[in-house]
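Throw the hints in and build the complete structure from the sequences for me.
Residue numbers (my numbering): 1 to 182.
Calculated directly from the structure, the hints in this document are not laboratory data.
Cβ atoms here follow ideal geometry from the backbone N, Cα and C, with glycine treated the same way.
The calculated lysine-lysine pairs, modelled on DSS-like cross-linking and capped at a C-alpha distance of 30 Å, are:
id, residue 1, residue 2
1, Lys117, Lys23
2, Lys117, Lys151
3, Lys151, Lys23
If you anchor each label on the Cβ, the simulated ranges turn out as follows:
id, residue 1, residue 2, range
4, His9, Lys151, 19 to 29 Å
5, Gly38, Asp146, 34 to 44 Å
6, Ala53, Asp164, 14 to 24 Å
7, Asp4, Arg52, 24 to 34 Å
8, Asn1, Val92, 35 to 45 Å
9, Asp93, Asn19, 34 to 44 Å
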Amino acid sequence: NELDLSIEHGDIYGFLGPNGAGKTTTMRIFTGLIEPSGGEARVAGVPCVDRRALVEHIGLMPETPPLYDQLTGREQLQFAADLRNVPWDAVVDTALSLCVSLDLRADLDRRIDGYSKGMRQKLSFIQSVQHDPAVIFLDEPTSGLDPQAAKTLRELITDLADGDTTVLLSTHILPVVEDIAD
1 NELDLSIEHG DIYGFLGPNG AGKTTTMRIF TGLIEPSGGE ARVAGVPCVD RRALVEHIGL
61 MPETPPLYDQ LTGREQLQFA ADLRNVPWDA VVDTALSLCV SLDLRADLDR RIDGYSKGMR
121 QKLSFIQSVQ HDPAVIFLDE PTSGLDPQAA KTLRELITDL ADGDTTVLLS THILPVVEDI
181 AD
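This is the structure in structure tokens:
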């Protein structure tokens with residue numbers, strides 16, 4: 001209630017609070033998935049109620065990744081690009097580079113129903129950032145990751161912010177926020 005929030009370009013904002021505090025609901029408002037009950041919300045200058053205009057500016061990695069089990073990892077990444085009207089050719093280099101960084105490259109042509117939770121998390125992160133969004137929303141991004149993958153993901157998040165991407169990071173893991181949030 002009564003949220004007033006402004007985050008600078010390239011900042012990593014740690015979004016903390018107990019269960020039920022409204023973190024995920026706030027992210028859903030900022031990503032146009034639900035409408036606010038009052039007031040207004042803008043992300044990258046775009047009203048959050050205009051989801052079609054918003055989608056090219058944002059990336060979302062929800063706590064439960066929206067993946068299609070019958071697709072391969074590569075098909076999922078292509079599908080995510082298509083949803084944003086971004087040609088696969090425009091994001092393939094970024095997507096494959098992230099797959100290498102997150103040790104997912106060898107599994108791209110396997111169906112997602114054979115992926116572990118950690119592999120799903122990695123794929124979800126990649127599909128949410130492959131189009132170089134201005135703002136990325138990450139809800140529990142290191143959940144299910146082994147320590148090395150979690151460290152790599154934290155480094156990738158920091159790299160995004162260094163490249164002027166704004167990051168809203170929600171997690172229950174306080175050391176993650178202490179390590180990377182501005």
